[in-house]
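Colleague: Produce the entire structure from the sequences given, and follow the hints as far as they go.
Listed here are the chains, written in short residue letters.
Protein chains: 2
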Amino acid sequence: MVFGLVGEDGLPFWRRKVPTEVPKGPEHMLRTIAANIDDALAETGTAREAVMAVGVGMPGKVDADRGICMGASNLRLRDYPVAAKIREATGLPCYINNDVKMYIYGEALYGAAKDSRHVLGVTIGTGLAGALIIDGEPYGGYRNISGEIGHIPIDGVKRVCNCGMVGCLETVVSAPGLARSAREAVLAGERTLLADYHDDPAELTAVDVSRAFDAGDQTAIAIMRHAGRCLGDVLAYLIPMLSPDAVIIGGGVALAGERLLGTVREVLHAKVSKSYIESLKLETAVHNDDAGVIGSAAWAVKKSKE
Amino acid sequence: MVFGLVGEDGLPFWRRKVPTEVPKGPEHMLRTIAANIDDALAETGTAREAVMAVGVGMPGKVDADRGICMGASNLRLRDYPVAAKIREATGLPCYINNDVKMYIYGEALYGAAKDSRHVLGVTIGTGLAGALIIDGEPYGGYRNISGEIGHIPIDGVKRVCNCGMVGCLETVVSAPGLARSAREAVLAGERTLLADYHDDPAELTAVDVSRAFDAGDQTAIAIMRHAGRCLGDVLAYLIPMLSPDAVIIGGGVALAGERLLGTVREVLHAKVSKSYIESLKLETAVHNDDAGVIGSAAWAVKKSKE
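Protein chains in written order, with the working numbering: chain A, 1151 to 1456; chain B, 1151 to 1456.
Any given hint could be a false lead.
[To be verified] Label-pair ranges, simulated between beta-carbon atoms: (1) B:R1309 - A:G1175: 55 to 61 Å; (2) A:G1160 - B:G1286: 26 to 32 Å; (3) B:A1197 - A:R1267: 38 to 44 Å; (4) A:G1157 - B:D1265: 42 to 48 Å; (5) A:Q1368 - B:E1287: 48 to 54 Å.
It should be emphasised that the hints constitute simulated quantities derived from the structure, not laboratory data. Heads up, the beta-carbon is just placed ideally off N, CA and C, and yes, glycines get one too.
Modeller: Right under this line is the structure:
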């Protein structure tokens, strides 16, 4: 869990990262949240009465209007009234929404897309998901579940996904997907620097792929190009439908930067009409861990005024 | 051009279809528009003062805020102040927007998607294009050009498109695309009923494909399935990103109905998570030619009140 105390400028001036400890159950999570909010206030000398609201960006299906987590398998929650529970535990008003939506909302308000009205965002980390900002506001769609593009099946990809389907985009374009590509290349006996980084190829990471890429390693370059092509292909479908002002790539894998986006740009130039891309901003997020905190805080402030 | 006089119930009570006669130039189009508006009023005994506004749905890139057609190659217009010209020619306030957006807006207001907040629409006729209704309003995106999904390149399709690119979706999924598939099958010597319909295979139409499909012709069934798979594949990318309440298929080819949508449903069930499709309405438009008139009229009324 990433905590932040956000000032009137919309940016955090206190932050902390703690393990979620899911197996200890939701009551433990609530205690952790309440304790860290206490710490934030104490350490910054902020009065509880000065806090406008608590904002939470969380994974899974979130009913933002009712403050309920409809389903988040990673957190083992289902139909759980997160906002009411946090309100009870902290005495503060609480508003929740999906974490990817809040991350991209943060980037749209104060980050890479801060002058853009319509933003298509993708976060790539342990998984891959999208979010839309339409006219400056987070878009939810039916049931507020828009954005799960990590599970679009990609032709030619045979990997089984955690979701049970085969060939999902996130089996290739994600930190574990890149690590898996590296591992498979080493196990297949490819001549690559990746073989030298760890005794056990199971220890290879997405960061290793970037490192080998920078050393000119052909295997790493091919892995990054394949991921870039898969991501570019999906964006080539979405961009003409949406005509966004900006496409923002966030999450841990966004640290790969142009190693990944270079190929994405090539695909878009080949496949998408110039009208859509000549002034399109395609960039990585700038706030990283802070983006979700910034977006969640802004969301809570906005909702608390409604 | 399709004209309609729309009553307070939002539906046309007078309608007419006339050739556009593009080669005669924009001034001729304006005279035709003014003359048909005169006829509509005279034939229905409607006073000019009772008209709230003229709404126009037109192809191409439309700057709806300024009332300017930025570019419509079919109409040979570029940076043309359509709304001001029509206002001048008719003495009536005029508001314009893109025709596909207005068609789907009409279906969202009074047609197949009338109880849906978020609608993904596709019209399939001489070409293919999309439109989005978000929170009940037509969505434009940057420059109001969202929706040109007819030119997404489809893997494995080698046809050259009118736009100059290769493999565009609309080279397969459109009335000319279906006719071309039929023609190619006949010229390739396939044993098909389609060979018996016309002396010259160049005369084959999309309607012929539906007719042969209904007679159980395997070639026609394969043509329709291929088109359905291409359309379904594109929707499989768009639906998870947008989580729409309804997907509406309009335009002349929508008359193929379940012959086309049957395959689309199969693709969606195979590729898209149940959360997005279990209560998704996937239907053909109900207003056909009227949909654009209904949407354009509603748009003009809405804008005239702003």
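Colleague: Now, for every hint given, state plainly whether the structure supports it.
Modeller: Status of each hint after checking the structure:
no. : hint                          : result
1   : B:R1309 - A:G1175: 55 to 61 Å : holds, 58 Å
2   : A:G1160 - B:G1286: 26 to 32 Å : holds, 30 Å
3   : B:A1197 - A:R1267: 38 to 44 Å : holds, 41 Å
4   : A:G1157 - B:D1265: 42 to 48 Å : holds, 43 Å
5   : A:Q1368 - B:E1287: 48 to 54 Å : holds, 50 Å
Every hint, counting from the list given before, is met by this structure.
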